[in-house]
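Reconstruct the complex from the two isolated chains, following the hints.
Sequences listed follow chains A and B, in order.
Taking the numbering used here as reference, the numbering of the first sequence is continuous, increasing by one, and the terminal residue is 113.
Taking the numbering used here as reference, the numbering of the second sequence is continuous, increasing by one, and the terminal residue is 114.
If you only want the chain B side, here are some residues facing chain A, beta carbon under 7 Å, derived:
#	residue
1	G42
2	F105
3	G108
Calculated from the structure, these hints are not laboratory results.
C-beta atoms are modelled at their ideal positions from N, C-alpha and C, and glycine is treated no differently.
What follows is the residue order along each chain.
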Amino acid sequence: KNEVEQSPQNLTAQEGEFITINCSYSVGISALHWLQQHPGGGIVSLFMLSSGKKKHGRLIATINIQEKHSSLHITASHPRDSAVYICAVRGGTYGGATNKLIFGTGTLLAVQP
Amino acid sequence: NAGVTQTPKFRILKIGQSMTLQCTQDMNHNYMYWYRQDPGMGLKLIYYSVGAGITDKGEVPNGYNVSRSTTEDFPLRLELAAPSQTSVYFCASSPPWGAKGELFFGEGSRLTVL
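Okay, chain B solo, but in the shape it has when bound (with noise of 0.2 Å):
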C-alpha cells in the first residue's frame, strides 16, 4: 500500500514549457485534489475531483488542466509554464467525507520556472 504517489519531485522548467505532473493513489479513494504551496501562504486549491470522470476548479486553476479517467489518477497539467507557477505541489487523497474523511497527501512536487 504505497498511499499517494506523485512524480516527478523535482523539475526545472523554461518559461513556455509544458510538462504534467503524475498523481497516482492506491487506497480506491473517491476524492483527490491538487495544491499548490507558497512560502509564506496557506496551500491553495488548484483543481479537485470526486471521481472519475469528474473534476472541478478550485481556488487557483488558471493555466492548469487536470484529467480523472480512472479512480486511481490525476495528473495536472501546465500548459505555459510561467514563473508565477513556480511552487510546490502537492496532490491528495481522501475518502469521501464523514468521519472517516482524513487526507492522505503525496511527497510534493517543486517545480522552478526560469
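Looking at chain A on its own, in the form it has when it is part of the complex (with noise of 0.2 Å):
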C-alpha cells in the first residue's frame, strides 16, 4: 500500500462543476503540498499546508491532521483546469521535518466544456 493515496485516479467534470480530490497518507507529516502539471508540462505547486485550509482564486486545499486527509476542491471549474493534480506528504514532526517528500501517483482531471 503506497504511503500516499490519492482519489480519484481519473475524473471528467462538465464545465462549471465544484470537483474534489482527495489524498490520504498513513505517515506522520509536517507539511502536505498539492501540485498542478500540465499535460507535457512542468509542476507548479498550489499549496503547501500544515493544518486548516487555504484559498487562492477557485482553489481551496483543506487538511485534517487528525484523520490524515486532505482535500482538494476547485469551484467552478473550467477548461483550463485540465491537468494532473498531485498530492505530496513531507513527513516527520514539523521541528524534526525532515527533506524528502512522498508523492501521490496524482489524480488527471478533464473538464469538458
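In C-alpha cells form, the structure reads like this:
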C-alpha cells in the first residue's frame, strides 16, 4: 500500500462543476503540498499546508491532521483546470522535518466545455 | 527571475552513453532535488542537496551522481545509460522547510535510452 493515496485516479467533469480530489496518507507529516501538472508541462506548486484551510482564487485546500486526509476543491471548474493534480507529504514532525517528500500518483482531471 | 531552469528538455541516448542534466535556480534556495517521473508512478527522489557541498541519496540513486559546487547549480550525471533510466526528470528547489517551504520545479527533461 502506498503511503500517499489519491482518489479518484481519473475525473471527468463538466465546465462549472464543483470538483473534489482527495489525498490520504499513512505517515506522520509536517506539511502537505498540492501540485498541478499540465500535459507535457512542468509542475507548479498550488498549496503548502500543515493545518486548516487555504484558498487561492477558485482553489481551496483543506487538511485534517488527525484523520490524515486532505482535499483539493475547485469551484466553477473550467477546461483550463484540466491537469494532473498531485498530493505530496513531507514526513516527520515540524521540529524534526525531513527534506524528503512522498508523492501520490496523481489525479488526472479533464474538464469538458 | 527565471526560477528553476533545466536543460536539455529532450534527449535520446544509446545504452552505455553518459550525459549530464543541468539544473540552475536563481532564487538563492538552499534545498535542491532531482526527481524522476515514470508513467503511473509518483515522483521518486533520486538525490537531494541542502546546500553547496552537501548532497545525499534519495529513494532511487543507483546509476546517477550529483554535485553541488554552488548554491545555484545542481547537475545530475548519468554515467552508463540504461533503458531503465528512460523517464522524465524534474529538478526542484525550495527554501529551508518552514512556513514558506514552497517547491519550485523546472520544466522537466524527457530522456529516452535506446
